[in-house]
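Assemble the complex: chain A is given as a structure, and chain B must be docked to it using the hints.
Given next are the chains, with one letter for each unit.
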Amino acid sequence: MRQDTQDFKQLRRLLAIKRHEQPPPGYFRDFSQQVIIRIQAGESGEQAAFVERLLWEAPWLKRFWEALEAKPILAGVVGVALCGLLITGMVYSDRAEVPQVALLPTPDQMAAVSAQTTNAVADHPLLARPGALAQDSSTSPLAAMPAEAPILGDITKLRAQPVSFTFPSGN
Amino acid sequence: MKRARRGDLTAYDELVRRYQERIYATIYHMTSNHEDANDLAQETFIKAFQVLRSFRGGSSFYTWVYRIAVNKTINFLKQRKNKAQMSLDDLDFNAEHNPDLVALISEKTPRREASLSELQEKLNAAMQKLSESHRLVVTLHDVQGLSHEEIAKIMNSNIGTVRSRLFYARQQLQALLADYLG
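Taken in sequence, the protein lines are chains A and B. Using the working numbering, you'd call the opening residue of the first sequence number 1 and step up by one each time. Using the working numbering, you'd call the opening residue of the second sequence number 1 and step up by one each time.
There could be a bad hint or two in this list.
What the hints assert, rightly or not - No more than 20 Å apart at the CA atoms, straight line, and that leaves these computed lysine to aspartate or glutamate pairs for EDC-like:
#1 B/K2 - B/D13
#2 A/K9 - B/D179
#3 B/K72 - A/E66
#4 B/K78 - B/D39
#5 B/K78 - B/E118
#6 A/K71 - B/E35
#7 B/K72 - B/E21
#8 A/K62 - B/E150
#9 B/K78 - B/D92
#10 B/K72 - B/D39
#11 B/K78 - A/E69
#12 B/K129 - B/E118
#13 B/K72 - B/E150
#14 A/K62 - B/E14
#15 B/K2 - B/E14
#16 B/K122 - B/E150
#17 B/K78 - A/E66
#18 B/K78 - B/D36
#19 B/K122 - B/D179
#20 B/K78 - B/E150
#21 B/K72 - B/E132
#22 B/K72 - A/E69
#23 B/K78 - B/E43
#24 B/K129 - B/D36
Source of the hints: derived by calculation from the structure; they are not laboratory data.
Isolated chain A, as found in the complex (with noise of 0.2 Å):
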C-alpha cells in the first residue's frame, strides 16, 4: 500500500487531465430531453423490450448471448450445432411416419378384396332392386332409366373366357 500512495502520485495528477475532458458546451442541457424522446417513440419496439427485460431478469442467457456476440467461432458452433439437431429431427420424425406395410400387396390379398368386390355389388339393394333407385330420385336420368335394364345389372354375371390365338405358320 505504501507503493500505491506514493509511486502512483504522479501518475494520479496525469490522470487528473482526464476530469477536464468535457463534451460541446450544453450537451447536458438537452441529454435527458433526447433520452426521453426514444422513450416516447418507442425505438426499441415493445418486443425489444421484452427481450431487454427477458435478458435482464435470465442473467444465464444475457451471459450467453454476451458470449456468442463476443466471439463470432462460438456463434458458428452453436449455429452449425442447432442445424445438425434439426436435421436429425427432420430425418428421425420422418422415419418414424414410414406406415410398417409392404407397397404392394401379396396374391392372397389380392384375391380377398376381389371376393369382397364382387359380393359388395351383388347384394347392393339398389343394383338388385333397381326400380328402388327411380323411387328415391326424381331428378337422376340414371335413376329414371327403365328397370328392365339396370346399368349395373349384369357387371355379376360377367365371366373371364378364354381366349386362345392361333398364329399362320410359315413365318
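What follows is chain B alone, placed relative to chain A:
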C-alpha cells in the same frame, strides 16, 4: 423513484438529469470517444427505464444504473476491438490553470496548450491499451473518485479484486506514460 417505476417520464427525466454527467463521463473515459459515449449513455438510460420494474432496490439506483452502463460499455468495446478512432472531448479552461498539470508539463515544453492536448492524447491512448476491467477501475477510482466498495458493487466483485486490478492498471499506465512522469 416510485413514480418512475410506474412509468412516469417526468420523474424519470429527473433521475436522468441527476446521473447523466457521471454516467456519460464513465463511458467516455472507457471509450475515449464522444460520439460513442453519447450513444451508449442514452442507451443506458433507455435500457434502465425498460427494466426499471425489475429493480428491486437491493442496491442504490446509482449503483444499478452504473452497472448497466458498465456492462453496455464493455460489450460495446469487445465488439469494437481495435477499431478505436478517438474523438476526444476538449479540455476545459481550468486544465490550463491546474497547478498539478502545469507542474507536470512545465519543464517539458514551453507551449503549454499544445502540450496539454498532446498529453491528453497520450493519456487516452495509454488508457485504451489497458484491458476493459483494468481501465474501468482506473476510471472509476482515479478519475471519478469512487471508493473501492462502490466499485466492487458496480463490478459485482470483491474489494480485494478491485484493489489488485487498480494496482496492476496503475503499473501498466506508469510504464506507458514514463516520459511524462518524473
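Status of each hint after checking the structure:
Distance hint between B/K2 and B/D13 is fulfilled; the C-alpha atoms sit about 13 Å from each other, no more than 20 Å. Taking the CA atoms of A/K9 and B/D179, the gap is about 15 Å. The hint holds against a cut of 20 Å. This hinted pair checks out: B/K72 and A/E66 have alpha carbons roughly 10 Å apart, not beyond 20 Å. Proximity of B/K78 to B/D39 is assessed by CA-CA distance (about 16 Å); at most 20 Å being required, the pair is judged to hold.
Restraint check for B/K78 and B/E118: not satisfied, since their Cα atoms lie roughly 27 Å apart, outside the 20 Å limit. A distance of roughly 25 Å separates the Cα atoms of A/K71 and B/E35; the hinted pair therefore is violated under the 20 Å criterion. Distance restraint check for B/K72 and B/E21: the Cα-Cα separation of roughly 17 Å lies within the 20 Å cut-off, and the hinted pair is therefore satisfied. For the hint pairing A/K62 with B/E150, the CA-to-CA distance comes to about 23 Å; that exceeds 20 Å, so the pair is violated.
For the proposed pair B/K78 and B/D92, the alpha carbon gap of about 30 Å is over 20 Å, so the pair is violated. Between B/K72 and B/D39, the direct Cα distance comes to roughly 11 Å. Compliance with the 20 Å bound is thereby established for this hinted pair. Proposed proximity of B/K78 and A/E69 is supported: the alpha carbons are some 9 Å apart, at most 20 Å. Distance restraint check for B/K129 and B/E118: the Cα-Cα separation of roughly 17 Å lies within the 20 Å cut-off, and the hinted pair is therefore satisfied.
Proximity of B/K72 to B/E150 is assessed by CA-CA distance (about 18 Å); at most 20 Å being required, the pair is judged to hold. Between A/K62 and B/E14, the direct Cα distance comes to roughly 29 Å. Violation of the 20 Å bound is thereby established for this hinted pair. Among the hinted pairs, B/K2 with B/E14 is consistent with the structure: their alpha-carbon atoms are about 12 Å apart, no more than 20 Å. For the hint pairing B/K122 with B/E150, the CA-to-CA distance comes to about 28 Å; that exceeds 20 Å, so the pair is violated.
A C-alpha spacing of about 10 Å is found between B/K78 and A/E66, which places the hinted pair at or below 20 Å, so the restraint holds. Only pairs whose Cα atoms come within 20 Å are accepted, and B/K78 paired with B/D36 is accepted, the gap being roughly 13 Å. Among the hinted pairs, B/K122 with B/D179 is consistent with the structure: their alpha-carbon atoms are about 10 Å apart, no more than 20 Å. Proposed proximity of B/K78 and B/E150 is contradicted: the alpha carbons are some 24 Å apart, above 20 Å.
Our distance criterion of 20 Å between C-alpha atoms is met by B/K72 and B/E132, whose separation comes to about 12 Å. Our distance criterion of 20 Å between C-alpha atoms is met by B/K72 and A/E69, whose separation comes to about 12 Å. At roughly 17 Å between alpha-carbon atoms, B/K78 and B/E43 fall within 20 Å of each other, so this suggested pair holds. Only pairs whose Cα atoms come within 20 Å are accepted, and B/K129 paired with B/D36 is accepted, the gap being roughly 18 Å.
Of the numbered hints stated above, those contradicted by the structure are hints 5, 6, 8, 9, 14, 16, 20, listed in ascending order.
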